[in-house]
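Based on the provided sequences and hints, a complete structural model is requested.
Each chain, letter by letter, is given below.
Protein chains: 2
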Amino acid sequence: MFESAELGHTLDKKTWDRKVPKLREALLEAQYDLLEQRRCSTIVLVGGVDGAGKGETVNLLNEWMDPRHVQTHALAAPTDDEQRYPRWKRFWSALPPRGKVGIFFGSWYTLPIVQRVYRQTKGADLDQSLEEIVRFEQMLHQEGALLVKLWFHLSKKAQEKRLAALSSDKLTRWRVTETDWKHFGLYDQFREVSERSLRRTSTADAPWNVIEGLDARYRGYTAGSLLLEAIQGRLAADAARQKSPTRAPSGDSFVSNTGADLLRALKVPPTVAKKAYDARYDVLQARLNKLSRRKALKKRSLVLVFEGPDAAGKGGAIRRVTRALDARFFTVNPVAAPTEEERAQPYLWRFWRRMPPLGHVGIFDRSWYGRVLVERVEGFCQPADWQRAYTELNDFEEQLTRHGAIVAKFWLHISKDEQLRRFEQRKATGFKRFKITQEDWRNRKKWGDYEVAACDMFERTSSELAPWTIVSANDKYNARLQVLETICDRLEAALDV
Amino acid sequence: MFESAELGHTLDKKTWDRKVPKLREALLEAQYDLLEQRRCSTIVLVGGVDGAGKGETVNLLNEWMDPRHVQTHALAAPTDDEQRYPRWKRFWSALPPRGKVGIFFGSWYTLPIVQRVYRQTKGADLDQSLEEIVRFEQMLHQEGALLVKLWFHLSKKAQEKRLAALSSDKLTRWRVTETDWKHFGLYDQFREVSERSLRRTSTADAPWNVIEGLDARYRGYTAGSLLLEAIQGRLAADAARQKSPTRAPSGDSFVSNTGADLLRALKVPPTVAKKAYDARYDVLQARLNKLSRRKALKKRSLVLVFEGPDAAGKGGAIRRVTRALDARFFTVNPVAAPTEEERAQPYLWRFWRRMPPLGHVGIFDRSWYGRVLVERVEGFCQPADWQRAYTELNDFEEQLTRHGAIVAKFWLHISKDEQLRRFEQRKATGFKRFKITQEDWRNRKKWGDYEVAACDMFERTSSELAPWTIVSANDKYNARLQVLETICDRLEAALDV
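Heads up: the sequence lines are chains A and B, in that order. Going left to right, the first sequence walks through residues 1061 to 1557 as my numbering numbers them. Going left to right, the second sequence walks through residues 1061 to 1557 as my numbering numbers them.
Some hints could be false.
The list treats identical chains as interchangeable, and a pair is accepted whether it falls inside one copy or across any two copies.
Unchecked claim - Listed next, the in silico DSSO-like pairs over lysine-lysine satisfying Cα-Cα at most 27 Å (straight line): (1) 1334 to 1073; (2) 1506 to 1536; (3) 1149 to 1355; (4) 1476 to 1327; (5) 1358 to 1149; (6) 1082 to 1487; (7) 1082 to 1334; (8) 1358 to 1242; (9) 1242 to 1355.
Calculated from the structure, these hints are not laboratory results.
Have a look at this one:
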C-alpha cells in the first residue's frame, strides 16, 4: 500500500511555478461552484506519518482556497467535556454544512490507530472501529458529502531524516514534539496498523489517497490536485444527475413487512380505573425518582423516544415521566421540521446536537425515526434513503449505548376510532393548544401506510440494546403506567439494582 | 429588602387545592400563547438561600408547564472547556429562543455573589459585576425577552431549622451538602451581599421578587403566580402594541455625527509599487507568523473585524492575514443574513456562538457592526434599536477583552469611483464568484448614508481596548500592508514583546 509512496517523488520548482497558478484558480472556481450549489459538503481527512507535512499541506490548502468557506478542525484527544458525550458527537458537530469545505486534521481514525499502535486495544477492536468508520463514511456519502481522504507517508529512513532536520533548525524545532520521536520508535507498528486501517476503509465512495511526504512541492501539488479532481468529479456528476435525474436504486434486500400484523394483533388490556391508576402511579413515580437519583446513573445517560399517531398521548406520558425527575437533569426535545441549519447537514445531525451528556436524561417527542415514518410515508426522501436508514439508526443507537446510554423507545398506539374521538374532543374544547390542523386530518388518511411503516420499523430496529415497547394507549392510564414501569425496569436492569 | 420574607407566610392545603388547578391551567394557556406568537422568550432566574426550596420550585414549574417547551439549566461552576471562552458565552448559549421558557437554576448572579461572600473580590468588583448584569438584562429586555427573577429567602433561624430537618430525613439527606452548611456559617455575609446585589439589579424592566421559602405551598404558589402574572402582562402589552403600534422612543442623547468628515478627510497615501509590496509583505508575514506562535498567545485570543463598502478588498486582506497563521488555530466567519435559529435570539447571539476560545484567532468578514451599518441604513431595525447598540457593542467587546481577547477592527475604505471601477472590472471578468448583484448597485445609492453611519460608529465604538483602524484601500497593496502591520503592532503591545 505504501510502496509507491517511498519512491522519492519530487516536483521541480519550474513545474511548480508553471502548474500551481492554474491549480489555485481551478480550486477557487470549484470551491465557489460548491458554495453556489449548496448541494454537497466536502470533508477532507488528513492523516499520516509525523513529519510528512500534514500541517503544511493543511495550511497550503487554506491559502489556495477562500478561507472564509473552509473550516479546519484539529481534533486532538477529547476534552473532559467532550468525554461526557458519545465519542462521535464531536465529529458530528464539526461536519461542514452543504457548500462548505471542512478539513479534519486528526479525525475519527486517530484514536483507533493510536490505541492499537500502543497495544491498548486488540486487533479485533481495531477491526470493529474500522467497520464502524466504513459505515459512518458510507452514510456521509449517501447524505451527499464528498469525502477526500489524504494520507501522508514517509519511509522509515525518510521520517528519521525529516524529524532530525526539523529539530536542528531553530525556526522549526518547536514543531517536533517528544511524542513525535516516541511515535518514530513505533514506526513499524504504526505502519502495520495504518496499512490495515487504510486497506479496510478504502471504499469506492471514500477511497484513501496515499501521498509521499518527502518533497514539499510534490506533496502540496498532489494534495491540491487530488482535492480538485474529487470536487470537479462530484460537480460533473451532480450536473449530469440534474439533467437526467435517475432514482437511486432501492436497497436490494428490502422486503416490507407483510402488513401491520404486529399492531393489529396488539392486545388491548382492561381499562384502568382512576383510583387504581392513582395508587399505582404514586408507587411508580417514587420508584423512578429513587432510581433517577442513584449514583451509578451519573456515569450513564437515559434516552427516551416517544413515537405514535397524533393524539396518542405522547405529551401526557412524557409529563408523567418528567414529574419524577429533577428538572436540572432532563431535557425534553420536541421534534418538528428541521431548521435551515439542520437541513444543510445529514439528517442525524440535528439529533446528535441534542444528545444528553452522562448523568442526564434526553426525552424525544418524536425522533430520528421520522426518517422511516413520516419521511417514508409522505415521500420526503427517496425509497433508497429510508431503506438504508434502518441500519444507520441501529448504528446510531449502538454508538449511544456503547457510551453508556440506556435507550428506551415507546410506540403509543391508538385505534383509528379513538383518534377520531380525541380529535373531535379537542375541537370541542376549543383550546388553542389542541388545535387540529389540516395536516392532522391528512395524516389520518394514510393510517394504513403509517401502520405498515411502524411495523417495518419495529422489526428492523428493535434490539436488545434499544428495544421498542409498543403501548396500547386507547386507555391513557394504562399507557402512562406501562411507560413508567418499562423505564423503571430498564433502569433496574441496566444499573443492576 | 428581606424583612417581608421573614414573616412566616404559609398557604393552607385547602386554599392550595382550590387555587392551584386554576393557576396551572392559566400557566399552560399562557405558555401556549407565548409559543404561538414566538415574539418573546421567557427567562426565569432562580436564586436565593440554600434550603429555601429553589430546586423544588423549579421542578414544580416544570410539572405545571409543558416540559417540552421549557429548558432548565443548572449552571454550576464553569468547566475547563467553558473557561476557554469569555464568561458570558455559556449564558448566551443557554438563552431560550423566542416562544420558549428558560429556567436558570444558578445564573450570572451566582459567581459574583459567591466570590464576594468568600471575600475573593472587593465591593467595587461586585458593583462592577452588578452594573454589567444590569446592562445585560436591559439588553435582553430590549431584545424582547421577559425576565422573571425569583429569590427564595429564609431567615437565619429558618435556614438552620430547614437544613437540620433535611439532614435528619433519610430520603432528603442527600440534598444537603457540606457546602450548604459552610454557606450557612456565612449567612450574614451572604445576606448582606445578596441584599446589595438584589437592590442594585432590581430594575423596572427586570425586577426581583423575593419569596419566603419556609412553606412549600406558599413558595410554590407564589412563584407560579408571579410567573403567570409576568407572562400575562407581557402578552397583554404585546397585544396592545400590535393594535396601535407606537415607535419606541429613540435614544435621547443620540446626536449623529455631523456628516462623514472622518472618512472624507482620510488621506490617501502614495501608491505602493508591486516590488516594494512583495518585499514588505514577506517581512510582515514572517513577523505575524512568529508572533502567532508565541506561547503567551495560548492564554489570549485574537478577534479581527473587517468592515467596509462592497468590493473594498476585505476578502483579499483576510487571505493575506490567514496565510501567516496555522490553519488549526483560526476560523474565518463570513457574516451574512442571520439564519432562522439566529433570528429567534438577541442579535448578538450569533456572534457569541462563533467566539474563538483562548489560543485561537476569530476573523469576521462583516460583523456585529451590521447593527449600526446595514440595519440602520436599510431600516431593518428601529432607530431606538441601533442607537442603543453602540453601548451594547462596547459592552460586548469589553467582555471579550476582559477574558483575554485582543480585538482589532478594520474599516477598509474606497472611494465611490474606485468601487464603480471594481464593479465594472468584475462584470468584465465574468467569474461567477465576482457576480455583482442588484443589491450591490442598490447599496451604492446609499453611499452617503453608509459613510455617516460609519463615522458615527467610529466615534462611538473606537476605544483603547478595541480601536478602529480606518484603512485607505483604493490601493490594495497599501491596505493589506497596513492591516498586517496594525495586527502585528497590536499583538506586540498586548503580549509585551
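Tested hints:
no. : hint         : in the structure
1   : 1334 to 1073 : between (86 Å within a copy, 22 Å between copies)
2   : 1506 to 1536 : within (23 Å within a copy, 63 Å between copies)
3   : 1149 to 1355 : within (24 Å within a copy, 30 Å between copies)
4   : 1476 to 1327 : within (15 Å within a copy, 78 Å between copies)
5   : 1358 to 1149 : both (19 Å within a copy, 25 Å between copies)
6   : 1082 to 1487 : between (67 Å within a copy, 21 Å between copies)
7   : 1082 to 1334 : between (78 Å within a copy, 21 Å between copies)
8   : 1358 to 1242 : between (36 Å within a copy, 25 Å between copies)
9   : 1242 to 1355 : between (39 Å within a copy, 23 Å between copies)
Going down the numbered hints, you'll see the structure goes against none, and every one checks out.
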